[in-house]
Amino acid sequence: MSLATETAPIQAATSRRRLSRWRTTAVPYLFVSPFYVIFLLFGLLPAIFSLVVSLYNWHGLTFGGFSGLQNYKILFQDPDFYTALKNTAYIWIGSVPTMAFLALVLAVLLNNKLGRLRGVFRTIYFLPVVTSLVVTGLIFSQLFSGSYGLINHMLSWIHVAPINWLTTPHWMPLTLILALLWRWTGNDMVIMLAGLQSIPGELYEAAEVDGASKVQTFWRITVPMMAPMIVFDLIISTIGTFNLFAEPYVLFGARPIGGVNGAGMVMGTFLYQQGFVYFKFGYSAAIAWVIALIIFALSMVQLRIGNRWNN
Amino acid sequence: MEQLVSTARRTSRSREGVRNLKWSRVGLYFVLIVVGSAFLLPFYWMVVSSIRPQAQFYQASISLWPHSFSLENFRNLFKQSLFGRGLFNSLLLAVAAVVLQVFFSSLAGYAFAKMRFRGQQALFIGVLATLMLPGSVQLVPNFLVMARIHWINTYWSLIVPGIANAFGIFWMRQYCRSVPDELLDAARVDGANEFTIYWRIVLPAIQPALASLSIFIFLTSWNDLLRPLVFLRSRDMFTSEIWLTIVGQNGHLPQPGVVMAGSVLASIPCIMLFATLQRRFIAGLTAGSLK
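For the protein sequence lines, the chains are A and B, in the order given.
Numbered continuously in our numbering, the first sequence closes out at residue 400.
Numbered continuously in our numbering, the second sequence closes out at residue 497.
Next up, chain A with everything else stripped away, as it sits in the complex (with noise of 0.2 Å):
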């Protein structure tokens, strides 16, 4: 009997003491965990998917049979892939070095002695930004409408006449980057301003002394000191550019997907009107791994010159 009642206690605290270890081991893969269960289920088993996915042929919701690599094939010799390709390109031209520039610039002349005015200022450049992409493609929409735009009617002033921006194929890029500049700029100009914190000043006092000016200062100082900060925000957004979908779409509006000759096409808008308008799946699923694959390749060229830039 005593050996019993005696036993059980110990019994019990051994069995709690085992708990509490299984506890402290299993806590932080419960807590990590949930990450990985979506992640897999949403994220890679439909990208391992993805690429099957693309070696087929769909009809509707069913698979059609093997293509291999038909749809890769296709889709390097389909002239509205590289329409897509070149409008993207030269959107990427458009924006991504000049808001690199322009963030960078807004950051050196918020960073003088503005006192208060500088959070005013800063709030209005950041403003566009937290503007929905939609609500910035309508609004663009309006401002260069060819008929009531306020762009035409300021252009009236000095005697120009009436563009028509969003149905003239070689002016609706420069419609896209214009609203991608507004909407972006002041994203990268927070980012730009956080690296400038990080320059010592010693330096722009050597350089004041040597009776360096405002220019060169900051040619030769800024730029280079913030290399990497420059690196980062032209990966980030070449990614962006990669992945435009919604200013675009609103843009040149969804009838035809593009716009006039598909002259407002991009990567995003083309990989959508594959898979969702055609219902292309194969297809579309090919488009989107060719994406990543540019993506890729950008971005480890950019940081191989970033690499190379600091040195």
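In short, the hints are calculated from the structure, not lab data.
A portion of the hints provided could be inaccurate.
[Stated by the list, open to error] So the derived list for chain A, only partly shown, Cβ under 7 Å to chain B, looks like this:
#, residue
1, 117
2, 123
3, 124
4, 132
5, 139
6, 142
7, 222
8, 227
9, 235
10, 237
11, 335
12, 360
13, 374
14, 381
Predicted model, so just to flag it, every value in this text is computed and none were measured.
Where is the CB? At the ideal position from N, CA and C, for every residue including glycine.
The hints should help you fit chain B onto chain A, whose structure is shown.
Chain B alone, transformed into the frame defined by chain A:
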């Protein structure tokens, strides 16, 4: 003598410098104000257009100032679309995204920052690696999966995949590292379990980071157009963003006023959120990018 000349030169240079400084200040303000106006003009035009009666858009010359105040556009907006319902759907999706993603990101971020466990390094690199995969790659297969499990046209299709927020975990880990270990140890000695420590000590300590992550998640969800277009099918499920594109492309006659009225309404939640959490947001953005 030589010294005298050089001091003279220096003083004249510094006087010139003062004059230069004044002019450079004027130039600075000029540039800041011109750029600022360019940034504000689109907002101004949105608001003015939203209260301008439809007929006035097609007059020979459009005026820069609002001459009359009319709610006609707002009335038409609600007549032509379920815009109220759309705003509700957008809000519901964004709030659900914020609550779930902030919770799971901070929980995992805390574990990565403050706990030691086998495979930790590899698991964390795994989180970062997922950032390399562009979301568009998963779009088609996710659609096929959602169709199979009957999640098309449900809130789940948009809420659940977002829970795996690698960026959120990364960000939360950075902030959780700054929570002093003594604080956590003291709680452990008092017999608090890990979840209590997370809930009672870690969360309050990283509040500014939670605020900035919340805005970020809210805006990402609110801005999303691609996924709602793909996954939502019926009028009562559409988000305000989808309704804006529908109203904007309403066939026969463009209705600039109605579209701008909708844009004003859709901007209000985001701007209100930004206004209340502004300082924390910008501070969070900068801190996040510095680390």
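Is the interface hint satisfied for residue 142 (chain A)? The criterion is a beta-carbon contact with chain B at less than 7 Å.
With Cβ-Cβ at 6 Å, under 7 Å, it holds.
Hint status (Cβ of residue 222 (chain A) to nearest Cβ of chain B, threshold 7 Å)
5 Å, holds
Take the shortest C-beta to C-beta distance between residue 237 (chain A) and chain B; is it under 7 Å?
5 Å, holds
Hint validity - residue 360 (chain A) Cβ closer than 7 Å to any chain B Cβ
6 Å, holds
Quick check on residue 123 (chain A) please, does its C-beta sit within 7 Å of some C-beta on chain B?
5 Å, holds
Hey, does the residue 132 (chain A) contact hint survive, CB to chain B under 7 Å?
6 Å, holds
Would the hint on residue 117 (chain A) be counted as holding, given a Cβ-Cβ threshold of 7 Å to chain B?
Interface hint status for residue 117 (chain A): holds (4 Å vs cutoff 7 Å).
Using the nearest Cβ pair, does residue 124 (chain A) come within less than 7 Å of chain B?
Given a least distance of 5 Å, the restraint on residue 124 (chain A) holds.
Return the status of the interface hint for residue 235 (chain A): holds when the least beta-carbon distance to chain B is below 7 Å, violated otherwise.
10 Å, violated
With a cut-off of 7 Å on the beta carbons, see whether residue 139 (chain A) makes it to chain B.
5 Å, holds
Return the status of the interface hint for residue 381 (chain A): holds when the least beta-carbon distance to chain B is below 7 Å, violated otherwise.
Status holds, d = 5 Å.
Was the hint right that residue 374 (chain A) lines chain B, CB cutoff 7 Å?
Holds. Min distance 5 Å.
In terms of the numbered hints stated before, the structure departs from hint 9 and from no other.
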